[in-house]
Amino acid sequence: MDAAVATRPSVVRRLRRWEGLPYWLILPTVLYLALFVVWPMIQAFELSVRVGGQWTTSPFHQMYSDIRFGQSIRFTLIFIAIIVPIQFALALAMALIANSRIRFRTVFLFIFIMPLGVSDLAAGLVWSSVFTQHGYLNTILQGVGLRDTPYIWINPQHQTQLVLEVIAAEVWRSTALITVILIAGLQGIPKEYGEAAEVFGAGFFSRLWTVTLPMLKPAIQVALLLRVVFAFEVFATVLAITGQGTSTLALQAWQWQTSYLNPHVAAAYASLILVLSLTAAGVIMLLLRTKKEQLIR
Amino acid sequence: MKRAQTVGLYTLAIVLAAWTLFPIYLITLGAFSTQDAIYTYPLQLWPHHVSQHTLGFFIHSAGTLPSLQRSVYVLLLTMAIALPVGLPAAYALARFNFHGAHTLRLSVVGTRAFPIIILAIPLAASFIRWWIDDSILAVSLLHAALALPFVVLTCASIFSGVSVELEEAAMTLGCTRLTAFARVILPLALPGLAASAIFVVIISWNEVFAAATVTLLHPTLPAHIVAVLNQATLPYRFAGGFFLLVPPVVMLFFIRRFLFGMWGQVIK
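Same order as they appear, the protein sequences are chains A and B.
Taken in order, the first sequence gives residues 1 to 297; the numbers are from my numbering.
Taken in order, the second sequence gives residues 1 to 268; the numbers are from my numbering.
Be aware that a few hints might be false.
Incomplete in silico selection of chain B near chain A, CB under 10 Å [unchecked claim]:
id: 1; residue: Leu16
id: 2; residue: Pro115
id: 3; residue: Ser135
id: 4; residue: Gly174
id: 5; residue: Thr179
id: 6; residue: Ala180
id: 7; residue: Ala182
id: 8; residue: Arg183
id: 9; residue: Glu207
id: 10; residue: Leu229
Derived CB-CB ranges, DEER-like [said to hold, decoys possible]:
id: 11; chain 1: B; residue 1: Pro42; chain 2: A; residue 2: Lys191; range: 34 to 44 Å
id: 12; chain 1: A; residue 1: Ser206; chain 2: B; residue 2: Ser51; range: 31 to 41 Å
id: 13; chain 1: B; residue 1: Trp19; chain 2: A; residue 2: Ser100; range: 12 to 22 Å
Not close to chain A: a few residues of chain B, all C-beta gaps over 10 Å, as computed [stated by the list, open to error]:
id: 14; residue: Phe32
id: 15; residue: Gly63
id: 16; residue: Ser160
id: 17; residue: Leu259
In case anyone wonders, no lab produced these hints; they're calculated from the structure.
Every residue, glycine too, gets a C-beta built ideally from N, C-alpha and C.
Based on the provided sequences and hints, a complete structural model is requested.
Set out below in structure tokens:
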């Protein structure tokens, strides 16, 4: 056998080449991601602990004593706690509507996913036109007689109010992403399961709870992971709506990099964002782990 | 009972659609009002006096046109980098069952979950060292890193949709793998690939943080708006918001069918 193959080296070489083909095909992607994703991450850590060739923790001390550091952390925590339940409820409703037998289904579907094309900056500008003192919200409140004078929505004295306004804009903009992921998940559930449950007398909500949601678990996991990780990146929405009225970790990283020209403290912020994202991702994967035998595929 | 459910479903659908559309209506209204109307409180909630002056004012403000031009160059260059790099990997994921395919899929999704901040800040330092800071190339390299996971996953789902039998038939009839790809697979996959290219354009047009971090004198349009945001007047903000929002939403309309295939790949 070996001898036979050895007499036809060209065939062996060709077979080997075909086995290697997928690896050659993925090589450019792997190299690009290594150079422009993995390597910068390592560099970010290095920048944050090495200043002028010396190992130091001073960028982290500077970050920690930054007056806006606590504000940024608080912003992120309140933001995640409030936005996650709201967005999942809305996205689930949108996904179920888009998956139902409603008329104009495709029109509704496109309307729901429209904000997927809207950038955080554009969303921020849209919602600043709503919340600005002489803006649309006050116009409407005055129009229906709820207020006589314009209320100041953008007030740095009221931090929680600012967070809520950013949440409104982000709910508006980024729920579409969760909706799309949930719809992709719903499309993978065989219709028979729900129909079988219906035959046995399950109502809408008990079908949702016992059939749909458990089957959606992988989609929910991906959506939740992206939502929480993206919460650490909130940037232009905050800048456009609140000016510098409040701050986020991403906003501080940008400030230290471009205004205070200190890449080390900026890198400390970036490292913190990475560690928080990874921790959050790990916790979500652990909490929503789907056992192999639970997967019906 | 059934009837009540139907009414509930339609009401909910209409409320959710209104929630999505109303802010877009408001910014459109603002962008097409006269500047005087924008400064008059209370604002108009109905189009009275449609005017292009506010949009014209935004477009002719200092810095808008040059940065718009740069944005276009950046998105073209991002496409030129992300598609050739990502397409072979997408084809490999769709056609071969190779060792490490699952790991590759996971790490590609993983890189998308990494905050752009962690890339932009150290790369800003690298770009200075490579003499390409504050340039179209610098922004494009970052945007391509951001778009690459999307390219690999959407195109993998598109290639999987083209039947293997066709490819095998072509190869039996004398095509090599390369010519089978070029003559059979590529024409069939073309609409999907175009959709994926449009998605790259949307990502690049919309990206703010990286562009605002690595540029200074030569910003893209969103980076320029961020830089002047502190002094921006109300008409500038209304028109700017409208101008940024419309192109990607229109493009999204044309590729809407392809969005779900991609996320189907991710949650597998």
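Hint check results:
1. Look at leucine 16 (chain B): its Cβ gets to within about 6 Å of chain A, closer than 10 Å, so that hint holds up.
2. Checking proline 115 (chain B) against chain A: minimum C-beta separation of about 5 Å stays under 10 Å; hint holds.
3. Interface restraint check for serine 135 (chain B): the shortest CB-CB distance to chain A comes to about 15 Å, outside 10 Å, so the restraint is violated.
4. The interface hint given for glycine 174 (chain B) is violated, since its Cβ lies 17 Å from the closest Cβ of chain A, which is over the 10 Å cut-off.
5. Interface hint at threonine 179 (chain B): violated, since its Cβ lies 15 Å from the closest Cβ of chain A, which is beyond the 10 Å cut-off.
6. For alanine 180 (chain B), the interface hint is violated, since its Cβ never comes within 10 Å of a Cβ in chain A; the closest pair sits about 13 Å apart.
7. Hint status for alanine 182 (chain B): violated, given a least beta-carbon distance of 15 Å to chain A, over 10 Å.
8. With its C-beta approaching chain A no nearer than about 19 Å, arginine 183 (chain B) sits outside the 10 Å limit, and its interface hint is violated.
9. The closest approach between the C-beta of glutamate 207 (chain B) and any C-beta of chain A is roughly 7 Å, which is under the 10 Å cut-off, so the hint is satisfied.
10. Evaluation of the leucine 229 (chain B) hint against chain A yields a held restraint, the C-beta minimum of about 6 Å falling below 10 Å.
11. Range check, proline 42 (chain B) to lysine 191 (chain A): Cβ separation about 50 Å, and the 34 to 44 Å hint is violated.
12. In this structure the supplied range 31 to 41 Å is violated for serine 206 (chain A) paired with serine 51 (chain B), their Cβ-Cβ distance being about 55 Å.
13. A C-beta distance of roughly 18 Å is found between tryptophan 19 (chain B) and serine 100 (chain A), which places it inside the suggested range of 12 to 22 Å.
14. Interface exclusion of phenylalanine 32 (chain B) from chain A stands, the closest Cβ pair being 13 Å apart, more than 10 Å.
15. Listed as outside the interface, glycine 63 (chain B) is consistent with that label: its C-beta sits roughly 15 Å from the nearest C-beta of chain A, beyond the 10 Å cut-off.
16. For serine 160 (chain B), the non-interface assignment is confirmed: its Cβ lies about 14 Å from the closest Cβ of chain A, beyond the 10 Å cut-off.
17. Its beta-carbon lying about 5 Å from the closest one in chain A, leucine 259 (chain B) breaks the requirement of being farther than 10 Å from that chain.
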